[in-house]
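Visitor: Could you put together the complete structure from these sequences and hints?
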Amino acid sequence: MSRMWNPMLETMDRADLRALQVDRFREQVRHAYDHSPFYRRKLDAAGIDPDGIQTFEDVRAVPTTKKGELREAQGGEPFPYGDLLAASPEGVTEYHQTSGTTGEPVRQADSWSDWEWWGDCWATVLWAQGIRPDDRVFFPFSYNVFVAFWAAHYACERIGAEVVPGGNLSSAQRVRKMREIDVTAFASTPTYALRLAEVAREEGFEPTDFAVDTVVCAGEPGASVPGTKARIEEAWGADVYDHAGATEAGAWGFSCDGESVGLHLNEAQFLIEVLDEDGEPVDPGETGEIVITPLNRTAQPYIRFELRDEIGLREGAAVCDCGRTFRFAEGGVLGRLDDLTKVNGVLLAPTAIEDAVRSYDGVSDEYEVIIDDHEEKPDLDVVTVVAEENPETDVSADEASEELRKTLKQTTSITCRIDVVPYESLERPELKADRLDDRRENHV
Amino acid sequence: MSEDAPDDLDELRALVADLDASAAALRAYGEANDVPAIERGAKRVQGTLDSVKQNVPGALVRDGAGGDDDADPNGESGEGHEPGR
Ligand SMILES: [Zn+2]
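Chains as they are written, first to last, in UniProt numbering: chain B, 1 to 444; chain R, 1 to 85.
By construction, these hints were calculated from the structure, which means they are not laboratory data. Please read these numbers as outputs of a predicted model, since none were measured by experiment. Ideal placement from N, C-alpha and C gives every residue a C-beta, glycine not left out. Do not take every clue at face value.
Claimed, not checked - Partial chain R-side listing against chain B, Cβ under 10 Å, derived:
1. Asn33
2. Val35
3. Ile38
4. Gly41
Unchecked claim - Negatives, chain R to chain B, calculated, CB over 10 Å:
5. Leu49
6. Gln54
7. Gly58
Guide: Here you go:
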């Protein structure tokens with residue numbers, strides 16, 4: 001059986017793929033121009049004739065779209081999507097929204113064909129990660145209005161796998177259900193994958209005895225953070241895969257069953273530009289920010305959306321042994337620009353702290369980061385990492401603190417205070433963890 | 001009403017049968033060429049088409065129905081879902 005959901009697209013010659021991208025991009029811009037007043041204003045102001053887009057240089061002349069513009073546009077008519085909407089309100093069949101972690105949520109309208117597209121994009125992800133018709137896939141979440149797990153749910157259906165919704169259950173009930181019906185895979189945030197393993201042990205099970213052989217991660221970057229990935233693999237005795245997506249974009253990146261560590265970019269469904277600070281494309285081997293255009297969305301299209309995710313771009317056959325010609329984000333999403341925060345003038349990526357904690361056996365999985373003003377010198381910031389003792393080792397709290405402090409100094413250049421507390425002192429988050437508590441008064 | 005709209009039930013049934021045949025051919029292509037996106041996508045079309053057929057009086061629902069070809073429609077084979085790969 002094919003390792004790819006669609007080998008015709010996933011192994012496409014790069015020149016053909018680029019031609020397909022420009023054609024689809026032009027069609028998307030045409031559609032947005034004809035049906036969304038928001039885009040018509042933007043494109044007119046920039047003097048763009050959609051039909052004139054013939055090259056990647058033409059693509060780069062099209063103005064980018066920022067998250068703030070979306071929120072502003074959604075304040076108007078037609079309610080509740082504003083004139084971002086490029087379909088009649090009756091053409092909308094799915095409502096979702098962003099979680100609003102970085103401000104007011106963005107509402108997302110999708111038509112029936114958009115929704116099929118979502119499922120197909122997620123099927124590309126799940127098939128690459130080994131989900132097949134004989135799998136029984138569990139979703140241990142109440143999906144609410146957030147799109148990712150809904151789309152993954154329907155992608156399982158599309159693949160022909162059996163899909164088990166696990167909403168409105170306690171964590172203990174979920175692990176018992178997983179055990180009871182022998183689920184072979186589950187989809188989860190990395191945070192919750194670790195939490196479920198912990199709960200399984202509390203319930204008297206050994207998670208590695210479960211039938212689970214695949215964990216598909218979404219929602220947080222953890223499955224490409226080596227320390228976290230290794231902890232999930234070990235906890236479940238399963239292969240752990242990463243995915244990258246956004247409500248405004250779709251499921252644009254996925255890890256595969258090849259030897260590489262990182263994400264293939266789904267370039268058949270998205271035009272993904274990786275740009276430097278001046279908006280110029282970076283070369284393979286360099287790091288840049290993603291500007292993304294989903295190529296087959298109709299109800300609420302996104303033209304050159306500034307995703308604010310940073311990746312290290314790779315290209316070529318040597319990148320991964322799976323045979324895909326799609327470009328590659330080495331090590332996954334390196335940082336969400338919205339998550340980066342300045343501490344004493346140094347940029348701190350929360351994933352660096354996550355990796356340090358999760359790579360070190362002297363502490364357990366859960367942790368918290370508090371950034372506050374220095375007690376005596378208000379110009380100085382203080383970072384405190386609170387971690388828990390690991391009941392499975394005899395490392396003392398002092399030893400663990402010293403070790404973590406050293407690692408963090410090396411990896412982040414910041415001298416952190418470390419507070420190692422007894423096991424289970426910290427709160428256990430469910431869906432997504434908000435582990436960063438920024439208490440600084442004057443920090444913008 | 002569109003000029004393409006069928007005039008009578010016979011024509012409606014024929015259209016459904018055509019769609020059924022097209023979906024089956026797409027599925028065969030996907031299988032023969034190992035393209036799950038086409039094979040599984042066409043299977044999904046067949047499933048949707050089943051419910052359309054059920055709404056057309058006199059259309060054959062069972063014959064060549066788009067459900068799983070491997071499945072026993074009477075449910076007597078006793079083959080359940082096998083977990084694991
Ligand atoms: Zn690969």
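Visitor: Should the hint that Gly41 (chain R) touches chain B count as held when the rule is a Cβ pair under 10 Å?
Guide: holds (7 Å)
Visitor: Was Leu49 (chain R) rightly flagged as not at the interface, with every chain B Cβ beyond 10 Å?
Guide: holds (15 Å)
Visitor: Would you check whether Ile38 (chain R) satisfies its interface hint, that is, whether its CB is within less than 10 Å of any CB in chain B?
Guide: holds (8 Å)
Visitor: Does the no-contact call for Gly58 (chain R) survive, Cβ to all of chain B over 10 Å?
Guide: holds (28 Å)
Visitor: Can you verify the interface hint for Val35 (chain R): is its Cβ closer than 10 Å to any Cβ in chain B?
Guide: The hint holds - Val35 (chain R) has a Cβ within 10 Å of chain B, the shortest such distance being about 6 Å.
Visitor: Would the hint on Asn33 (chain R) stand, with a C-beta cut-off of 10 Å toward chain B?
Guide: holds (8 Å)
Visitor: Taking 10 Å as the cut and beta carbons as the points, is Gln54 (chain R) off the interface with chain B?
Guide: holds (19 Å)
In this structure, every one of the numbered hints holds.
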